[in-house]
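J.: Sequence:
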Amino acid sequence: MGADEFRDVVSRYLEVVRGVYAYETWRNRERRYRRMVAKLELLMDQGRLSTTSPYDMTPEDVREYIAHCRLGQSPSDMVHEINALKQVLLFVDNNAVDVCLNRNPMLKPRSRGCRRRPPMDDVLYARILARSAEIDPSDYQMVRAYAFVIFCLNTGCRNKEARLAVLEDLDTEDWMFDIVHVKGEASYGQPRKVPVPPDARPIIELYLKGRERWLRENNVDSPALFPSRSKKSPYLTGNSLRKYKVQVEEDLGVTFDLRQCRRTFGQRYLDNGLDIESTSVLMGHASTKTTEQYYSRRKLDQAVESAKGIWDRGDRRRSSRMCCRCPFME
Numbered sequence: 001m002g003a004d005e006f007r008d009v010v011s012r013y014l015e016v017v018r019g020v021y022a023y024e025t026w027r028n029r030e031r032r033y034r035r036m037v038a039k040l041e042l043l044m045d046q047g048r049l050s051t052t053s054p055y056d057m058t059p060e061d062v063r064e065y066i067a068h069c070r071l072g073q074s075p076s077d078m079v080h081e082i083n084a085l086k087q088v089l090l091f092v093d094n095n096a097v098d099v100c101l102n103r104n105p106m107l108k109p110r111s112r113g114c115r116r117r118p119p120m121d122d123v124l125y126a127r128i129l130a131r132s133a134e135i136d137p138s139d140y141q142m143v144r145a146y147a148f149v150i151f152c153l154n155t156g157c158r159n160k161e162a163r164l165a166v167l168e169d170l171d172t173e174d175w176m177f178d179i180v181h182v183k184g185e186a187s188y189g190q191p192r193k194v195p196v197p198p199d200a201r202p203i204i205e206l207y208l209k210g211r212e213r214w215l216r217e218n219n220v221d222s223p224a225l226f227p228s229r230s231k232k233s234p235y236l237t238g239n240s241l242r243k244y245k246v247q248v249e250e251d252l253g254v255t256f257d258l259r260q261c262r263r264t265f266g267q268r269y270l271d272n273g274l275d276i277e278s279t280s281v282l283m284g285h286a287s288t289k290t291t292e293q294y295y296s297r298r299k300l301d302q303a304v305e306s307a308k309g310i311w312d313r314g315d316r317r318r319s320s321r322m323c324c325r326c327p328f329m330e
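Sequential numbering of the sequence shown, starting at 1, is according to this note's numbering.
Keep in mind the hints are simulated off the structure, nothing from the lab.
Any given hint might turn out to be false.
Okay, derived cross-link-like pairs now, DSSO-like style, lysine-lysine, Cα gap no bigger than 30 angstroms in a straight line [what the hints assert, rightly or not]: (1) Lys183 x Lys245; (2) Lys209 x Lys289; (3) Lys160 x Lys86; (4) Lys183 x Lys289; (5) Lys183 x Lys231; (6) Lys193 x Lys243; (7) Lys160 x Lys245; (8) Lys86 x Lys231; (9) Lys231 x Lys243; (10) Lys160 x Lys183; (11) Lys232 x Lys209; (12) Lys193 x Lys209; (13) Lys289 x Lys231; (14) Lys39 x Lys193; (15) Lys108 x Lys86; (16) Lys160 x Lys232; (17) Lys209 x Lys39; (18) Lys232 x Lys289.
These numbers were taken from a predicted model, which means no experiment stands behind them.
Use the sequences and the hints to build the structure in full.
T.: Structure (structure tokens):
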């Protein structure tokens, strides 16, 4: 009965917050709650919980649940996990999560400082580009996979932003990409546009020709830049797009993640001299702090060279002034 009660409360809670969260955020929360129910049922079967009812869960039940989840989830994901459980319990006036964390502060996910991970190295980026130029144009699946990865590397778009893009968002005359369905589009997010560099254009042009042929051969009418064959939606799922990335990984014998593509986008612009403010805008960040802390930051050797350049210019100016004064000192 407890698990059924949990599902019922979750259903009512999600209905209340529908429209408050962006649709994709709402769907992610819905999926998280499905996983949560399965974990609660497992712990109940093992005798580790007194109940799975959100009305009656105790701080001790919450402690067991958090301890179980910590074994397989990152600190950042645990923040979302605990908050999701807290919201459902508070929805029925149960503050067991807060009481549990106050009694067991060691269960609170700990920040590990700067979480910025490295971008893709230049060697792998060059390998991906080189391999894309060797692909058989008739191999549509491989062309599509490389086009998607290179598109992400060169536009910095998120999975959702690529998934919901339509063909008209990509201007192949001026080579600009309008990112319309941004993160937080229902609240804080703002549409943006980014240029598509020359590196990315050959494989994208090849993909667009193959896309047109694929739509015709499969009798599919879809506006999506990366269309789905499904009759339910013209757009692919996020998991389908990740499979394209897996195809490239398997072809090259490497591993990387799509967030690494986004970090690489920002880092390459910084390495080529674009200022942090402009890079942050292209990435769709509200402040440069987000860009530098989590995605891209100017490299130390470049900062050192810039600093040396300032002193070199200062030395030249001082030397010039001294030369001008010399005739008057004779």
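J.: Are the Cα atoms of Lys108 and Lys86 separated by 30 angstroms or less?
T.: OK: Lys108 and Lys86 at ~13 angstroms, within 30 angstroms.
J.: Need the status of pair Lys160, Lys245: alpha-carbon distance at most 30 angstroms?
T.: Within the cut-off at roughly 14 angstroms; holds.
J.: Next pair to validate is Lys183 with Lys245; report whether the Cα-Cα distance is within 30 angstroms.
T.: 21 angstroms, holds
J.: CA of Lys209 to CA of Lys289, is that 30 angstroms or under?
T.: 40 angstroms, violated
J.: Are the Cα atoms of Lys193 and Lys209 separated by 30 angstroms or less?
T.: This hinted pair holds, its Cα atoms lying about 23 angstroms apart.
J.: Tell me if the straight-line CA distance from Lys289 to Lys231 falls inside 30 angstroms.
T.: 42 angstroms, violated
J.: Given the proposed pairing of Lys193 with Lys243, does the C-alpha separation stay at or below 30 angstroms?
T.: 26 angstroms, holds
J.: Does Lys231 pair with Lys243 here, judged by a C-alpha cut-off of 30 angstroms?
T.: Holds - the C-alpha atoms of Lys243 and Lys231 are around 20 angstroms apart, at most 30 angstroms.
J.: Are Lys183 and Lys289 close enough, with their CA atoms no more than 30 angstroms apart?
T.: 17 angstroms, holds
J.: If you draw a straight line from the CA of Lys232 to the CA of Lys209, is it 30 angstroms or shorter?
T.: 25 angstroms, holds
J.: Hey, Lys209 versus Lys39, does the alpha-carbon distance stay inside 30 angstroms?
T.: At roughly 46 angstroms apart (the allowed maximum being 30 angstroms), Lys39 and Lys209 break the hint.
J.: Lys232 and Lys289 were given as a pair; does the straight-line alpha-carbon distance stay at or below 30 angstroms?
T.: 40 angstroms, violated
The earlier numbered hints that this structure contradicts are 2, 8, 13, 14, 17 and 18.
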